[in-house]
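Asks: Heads up, the sequence shown is in the working numbering, so the first residue is 3 and it goes up one at a time.
Hint data in this document are derived by calculation from the structure and do not stem from the laboratory. Check each hint, because a few of them may be wrong.
[To be verified] Simulated pairs of lysine-lysine, PhoX-like, Cα-Cα distance not exceeding 20 Å:
1. 172 - 44
2. 55 - 205
3. 88 - 55
4. 172 - 226
5. 55 - 226
6. 44 - 226
7. 363 - 280
8. 88 - 226
9. 88 - 44
10. 44 - 70
11. 364 - 397
12. 226 - 205
13. 397 - 280
14. 205 - 172
15. 70 - 55
16. 190 - 70
17. 205 - 44
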Amino acid sequence: MNLKKLMFLALIVYAILPGSSVLAQHNELSFQLTPHWLSSLKLDEASQIAQGKDQFAGLGGLSYAHFKNSGLGLRAGFNLGYFRPKLIVNRNPGNGLSDQLLGSVVMYNSLSLEPVYRFTWLRSEFEIFGGADLRYFHSIGYTSYGYHYQSTIPSEFSTFEIRVAPYQNKFQSNIYGGISYIKSINSKSRIGISLISNLGLSKPGGGQFTATANNGNTFQTNFKPVTDFTGIRIQYGYNVRKNEKPTEPSDGLIRQAIFLEALGSGGLFSLNYDRRLKSGNDGFGVRVGLGLGTTYEINEDEFKRRVSVPLMVNYIFGSGRNGLETGIGITPEYAVSKPRDDQRMNAWGNLNVLYRFQPIKKGFIMRIGWTPIIGRGGSLNPYFAGVSFGYSFAK
Numbered sequence: 003m004n005l006k007k008l009m010f011l012a013l014i015v016y017a018i019l020p021g022s023s024v025l026a027q028h029n030e031l032s033f034q035l036t037p038h039w040l041s042s043l044k045l046d047e048a049s050q051i052a053q054g055k056d057q058f059a060g061l062g063g064l065s066y067a068h069f070k071n072s073g074l075g076l077r078a079g080f081n082l083g084y085f086r087p088k089l090i091v092n093r094n095p096g097n098g099l100s101d102q103l104l105g106s107v108v109m110y111n112s113l114s115l116e117p118v119y120r121f122t123w124l125r126s127e128f129e130i131f132g133g134a135d136l137r138y139f140h141s142i143g144y145t146s147y148g149y150h151y152q153s154t155i156p157s158e159f160s161t162f163e164i165r166v167a168p169y170q171n172k173f174q175s176n177i178y179g180g181i182s183y184i185k186s187i188n189s190k191s192r193i194g195i196s197l198i199s200n201l202g203l204s205k206p207g208g209g210q211f212t213a214t215a216n217n218g219n220t221f222q223t224n225f226k227p228v229t230d231f232t233g234i235r236i237q238y239g240y241n242v243r244k245n246e247k248p249t250e251p252s253d254g255l256i257r258q259a260i261f262l263e264a265l266g267s268g269g270l271f272s273l274n275y276d277r278r279l280k281s282g283n284d285g286f287g288v289r290v291g292l293g294l295g296t297t298y299e300i301n302e303d304e305f306k307r308r309v310s311v312p313l314m315v316n317y318i319f320g321s322g323r324n325g326l327e328t329g330i331g332i333t334p335e336y337a338v339s340k341p342r343d344d345q346r347m348n349a350w351g352n353l354n355v356l357y358r359f360q361p362i363k364k365g366f367i368m369r370i371g372w373t374p375i376i377g378r379g380g381s382l383n384p385y386f387a388g389v390s391f392g393y394s395f396a397k
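Let the sequences and hints guide you as you build the complete structure.
Replies: Printed below as a string of structure tokens:
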């Protein structure tokens, strides 16, 4: 079933729903696995000598969703996935002999965002979702896989080679949609099984395939992986807040916070001030901080101290004590002691996806999550995280 048919089915189901809500307003933290059947890679030149083959791939991660009483919700996630290019090659197209060749395993991280509608129908609980993700493919160098078969037939291809080049397009986007059946385990936990279809909007990198016959003739073509897939998503969700009293403050005060962050967007340590732009814990906000960090200079065998100023714009999903914080910003940095390259000023970009615990009125605040860094030239360092502790108040 392709994406268009799946979305059309979702619209039909939506149209005949009785419109009943199945959940009170709540926030849901989930873990999901998505085994899927990936579409075959595309070759620039079609030939009986080599064809792409569908392949099994995997995707898994964490997500956080906020649901309204109406059943409408918004889910954001962080995922890790992999696939492996696969080719079917024919040594002699006329005799039907074929072999399967595998390229290198490709790993990627992704951020996803999907609107969700959860409802009851025929006494069962279902969910319709559709969204988009942005993938970052990890750097790989040139890799080459060679295969040689013993053969005395001059026209038969006996040597095959797959070369995978470094991925130039490290970022790649997709859209997807699906429908889920939800089964409650208890008042807090649910398991969902989804049929999901994904459509890639661009192709990440690629490689080259070469076949050489015993008589010296060669066949060569480039190939590109395709991220289209159909699969099953298995999801376990836990309601971190359910059936609470309304959490929207009625005092009209602006929520603010002061917190100390380890790692994250400000360097080694940073002291930060965060302010909401409207009353309540959710919605848009701004953050400014002062951080300290060090870098090690190998030639001088000493650490150089640096001062940073993280500047962020963020958005919090969830008006209660538990929320999902997403943000983007920049961190200018100044080297207190002169570095070896004489460049005192520097800056890097930041992305944030964090779990945030913040009281309704005042008290202890905690933040923990993924804080990747965007360096010079748009390079992304995904292996970065941060944790924060502080105090929240309203004024």
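Asks: Name the hints, by number, that the structure is in violation of.
Replies: The structure breaks hints 10 and 15; every other hint is satisfied.
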